[in-house]
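Taken in sequence, the protein lines are chains U and G. Going by the UniProt record's numbering, the residue at position 136 of the first sequence is 136; the numbering climbs one at a time, nothing skipped. Going by the UniProt record's numbering, the residue at position 189 of the second sequence is 189; the numbering climbs one at a time, nothing skipped.
To be clear, the hints were calculated from the coordinates, so they are not data collected in a lab. There may be inaccurate statements among the hints.
[To be verified] The calculated EDC-like cross-link candidates involving lysine to aspartate or glutamate, where the alpha carbons are at most 20 Å apart (straight line), are: (1) K260(U) x E73(G); (2) K261(U) x D161(G); (3) K102(U) x D89(G); (4) K106(G) x E84(G); (5) K135(G) x D101(U); (6) K110(U) x E211(G); (7) K222(U) x E210(U); (8) K126(G) x D262(U); (9) K15(G) x E210(U); (10) K110(U) x E173(G); (11) K110(U) x D107(G); (12) K110(U) x D122(G).
[Said to hold, decoys possible] Listed below are several chain U residues computed to face chain G (Cβ distance under 8 Å; list not exhaustive): (13) D101; (14) V109; (15) R146; (16) A148; (17) A150; (18) E151.
[Claimed, not checked] Facing chain G, according to a computed beta carbon distance under 7 Å, are these residues of chain U, among others: (19) N2; (20) M4; (21) R100; (22) T103; (23) E105; (24) L108; (25) D262; (26) L263.
All C-beta atoms in this analysis are idealised placements derived from N, C-alpha and C, irrespective of residue type, glycine included.
Chain residues, written in single-letter form:
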Amino acid sequence: MNIMIREMKANLKSLLIWSIGVLAMVIAGMGKYAGMKGTGQTMNELMAEMPKSLQAIMGTSGFDLATALGFYGLLYLYLIVMASIHAVMLGANIIAKEERDKTAEFLLVKPVSRAKVISMKLLTALIHIVLFNLVTLLSSIIMVERFAEAETVTDGLLLLMSGMFILQLIFLLLGSVVAAVYRKSKKASVISTGIMLVLFILSILINMTEKIEMLKYITPFKYFEAATILNNGKLEPVFLFLSVFLILAFTTLTYRFYQKKDLNL
Amino acid sequence: MNVIELNNLTKMYGKARGITEVSFHVEEGEIFGFIGPNGAGKSTTIRLLLSLIYPTSGSATIFGKDVVKHAPEIKKEIGYLPSEVFYYDNMKVIDLLKYSASFYKKDCAKKIKELAEMMELDLTRKIDDLSLGNKKKVGIVQGLLHEPKLIILDEPTSGLDPLMQQRFFELLENENQKGATILFSSHILSEVQRLCDRVAIIKEGKIVQVEKIRTLKENNYKKFKIETVSKVPDELFSRLPGVNQLEVKGKTISFIFRGNINHIMQKIAGIEIANLWVEEPDLEEIFMHFYQREA
Numbered sequence: 001m002n003i004m005i006r007e008m009k010a011n012l013k014s015l016l017i018w019s020i021g022v023l024a025m026v027i028a029g030m031g032k033y034a035g036m037k038g039t040g041q042t043m044n045e046l047m048a049e050m051p052k053s054l055q056a057i058m059g060t061s062g063f064d065l066a067t068a069l070g071f072y073g074l075l076y077l078y079l080i081v082m083a084s085i086h087a088v089m090l091g092a093n094i095i096a097k098e099e100r101d102k103t104a105e106f107l108l109v110k111p112v113s114r115a116k117v118i119s120m121k122l123l124t125a126l127i128h129i130v131l132f133n134l135v136t137l138l139s140s141i142i143m144v145e146r147f148a149e150a151e152t153v154t155d156g157l158l159l160l161m162s163g164m165f166i167l168q169l170i171f172l173l174l175g176s177v178v179a180a181v182y183r184k185s186k187k188a189s190v191i192s193t194g195i196m197l198v199l200f201i202l203s204i205l206i207n208m209t210e211k212i213e214m215l216k217y218i219t220p221f222k223y224f225e226a227a228t229i230l231n232n233g234k235l236e237p238v239f240l241f242l243s244v245f246l247i248l249a250f251t252t253l254t255y256r257f258y259q260k261k262d263l264n265l
Numbered sequence: 001m002n003v004i005e006l007n008n009l010t011k012m013y014g015k016a017r018g019i020t021e022v023s024f025h026v027e028e029g030e031i032f033g034f035i036g037p038n039g040a041g042k043s044t045t046i047r048l049l050l051s052l053i054y055p056t057s058g059s060a061t062i063f064g065k066d067v068v069k070h071a072p073e074i075k076k077e078i079g080y081l082p083s084e085v086f087y088y089d090n091m092k093v094i095d096l097l098k099y100s101a102s103f104y105k106k107d108c109a110k111k112i113k114e115l116a117e118m119m120e121l122d123l124t125r126k127i128d129d130l131s132l133g134n135k136k137k138v139g140i141v142q143g144l145l146h147e148p149k150l151i152i153l154d155e156p157t158s159g160l161d162p163l164m165q166q167r168f169f170e171l172l173e174n175e176n177q178k179g180a181t182i183l184f185s186s187h188i189l190s191e192v193q194r195l196c197d198r199v200a201i202i203k204e205g206k207i208v209q210v211e212k213i214r215t216l217k218e219n220n221y222k223k224f225k226i227e228t229v230s231k232v233p234d235e236l237f238s239r240l241p242g243v244n245q246l247e248v249k250g251k252t253i254s255f256i257f258r259g260n261i262n263h264i265m266q267k268i269a270g271i272e273i274a275n276l277w278v279e280e281p282d283l284e285e286i287f288m289h290f291y292q293r294e295a
């Protein structure tokens, strides 16, 4: 418990800043919708006329931008990128910082096993991503409801946010794996964020060219896309399965590597 | 009973040497010195004992238990002071000490107060704002607050002023009298000489010697200083077995000698001398001999 309390405190400031960031994103994003709302259908037409590659980059393909939820689907892409960056950095830092700040010589000399240290830290990180997700969910519900007309939005939003939560989990654990494996603790956060960005760029490339569509199983950013989720009304089972696999694999690897690791002090 | 036992403990960093087949033991109630120049492998050995890193081969036990397999259990009774003290930012001294104490199933409040008073440590300050010496004091209190049975110190005196060093040594002697075993690593020999019962000397990752401080000093090392009337050839003493650290400055010759004293006396009798000093060398001078031998 003591490690959890310590970590909650240590990461509180960053959580606050990220929460304010995501809150601002939701408010500003939906504010844009308010500005465009009058133009109605023309927005869709404008988007449809754009080259497919540009649509892919902006993540606009397949939305009805005239509806509040459809417009939110556009915003969702940016939200999951934010959530993923937060998660991956949190995962990497929470593990790596003891070596980076040389406090491992304090903490790991205490009568606790490394497995327990990892568990406490991952649990704390889990609480943090849940809180991040809740802030996003609540602000989204409030903002989208405000502009929605007849449509029901909460179910769709809940689905989108559960997709985001799974992504957060995957990237949190990706960060922790990198920190557990990589010897140079200072670079753990940079490297894992780098991997995350490469995966994100890959997802955009897949949107642009159909030739590499098979690669969609590699990048989690393709697992939960707003258009598909909103149109189908559910998360894709294949991707859910893949997610569970990744989460279990990353968790196992984090424990295994960290327990065998020679701490670099 | 042996509190610490190392059996051919070896650590390689890839191909680079860490330590090679280090074996020694520390008995209960002992203050054991661990001596060697920088980079000899002292910290590596200590980190292996604390399972911060894992051995390439060989093994070590503390309280009779394997240090890798039973690490969390063993650590209940270990207090450790690292050579460089780093702590979490933004914490007050007292917060850190309470955090440290929270890992042990004991009430450490009284001991914290007692130690802080003795080391003149202000508990309300922020750790970030402390000087190196004061951070070291935090480390000392942190390492001792749970009254461990084994205290492991890695270069503990760096940064402490002489007065505090004195206090700290008294503190250690106190803990030792109460039954704590102490492993004391250092490259400063005088402090080891003062405190320790036995020492292990490590050099380039290997144990050169394990000996009682007393034996080391009694081992018939003599420090000679001779002033001759006229200059004598350098070779006169340098060829003699047992002569170390020979220094010739004009008519003054000095060296450390270990061996049959008669041989050296006969040699000296053969030359005309103006003055002669024969002294007990201090540990530092004896150790220079170990440090330099292969250099």
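We went through each hint and held it up to the structure:
Among the hinted pairs, K260(U) with E73(G) is consistent with the structure: their alpha-carbon atoms are about 18 Å apart, no more than 20 Å. At roughly 37 Å between alpha-carbon atoms, K261(U) and D161(G) are farther apart than 20 Å, so this suggested pair is violated. In summary, the hint linking K102(U) to D89(G) is supported, as the alpha carbons are separated by about 11 Å, within the 20 Å threshold. About 26 Å separates the Cα atoms of K106(G) and E84(G), which puts this hinted pair outside 20 Å; it is violated.
Of the pairs offered as hints, the one joining K135(G) and D101(U) holds, with about 15 Å between alpha carbons and a cut-off of 20 Å not exceeded. For a cut-off of 20 Å, the pair hint linking K110(U) to E211(G) is broken: about 31 Å separates their Cα positions. Of the supplied pair hints, the one linking K222(U) and E210(U) holds, its CA atoms being roughly 13 Å apart against a limit of 20 Å. Straight-line distance between C-alpha atoms of K126(G) and D262(U) comes to about 31 Å, which puts the hinted pair past the 20 Å bound.
As the CA atoms of K15(G) and E210(U) are separated by approximately 48 Å, the hinted pair breaks the 20 Å bound. At most 20 Å may separate the alpha-carbon atoms for a hinted pair to count; K110(U) and E173(G) exceed this at roughly 23 Å. Among the hinted pairs, K110(U) with D107(G) is consistent with the structure: their alpha-carbon atoms are about 16 Å apart, no more than 20 Å. Using a Cα cut-off of 20 Å, the hinted pair K110(U) and D122(G) is violated, with the two alpha carbons roughly 24 Å apart.
Given the 8 Å rule on beta carbons, the hint for D101(U) holds: about 6 Å separates it from the nearest Cβ of chain G. Against a cut-off of 8 Å between C-beta atoms, the interface hint on V109(U) holds, since the closest Cβ of chain G lies about 5 Å away. Interface restraint check: R146(U) against chain G, minimum CB-CB distance 39 Å, threshold 8 Å, status violated. For A148(U), the interface hint is violated, the least distance from its beta-carbon to any beta-carbon of chain G being 44 Å, above 8 Å.
The interface hint given for A150(U) is violated, since its Cβ lies 51 Å from the closest Cβ of chain G, which is over the 8 Å cut-off. Below 8 Å, beta-carbon pairs count as interface contacts, and E151(U) has none with chain G, the closest being about 47 Å; its hint is therefore violated. At its closest, the beta carbon of N2(U) sits 4 Å from a beta carbon of chain G; the interface hint therefore holds under the 7 Å criterion. Nearest Cβ of chain G to the Cβ of M4(U): about 11 Å, over the 7 Å cut. The hint is violated.
Annotation: interface hint on R100(U) violated; nearest CB of chain G at approximately 10 Å, more than 7 Å. A least Cβ separation of about 6 Å between T103(U) and chain G falls short of the 7 Å threshold, and the interface hint therefore holds. Taking 7 Å as the C-beta contact cut-off toward chain G, the hint placing E105(U) at the interface holds, the least distance being around 4 Å. Hint status for L108(U) relative to chain G: holds, with the closest Cβ pair at about 6 Å, below 7 Å.
A cut of 7 Å between beta carbons decides the hint on D262(U): the least distance to chain G is about 4 Å, and the hint holds. Taking 7 Å as the C-beta cut-off, the interface hint given for L263(U) holds, the closest approach to chain G being about 5 Å.
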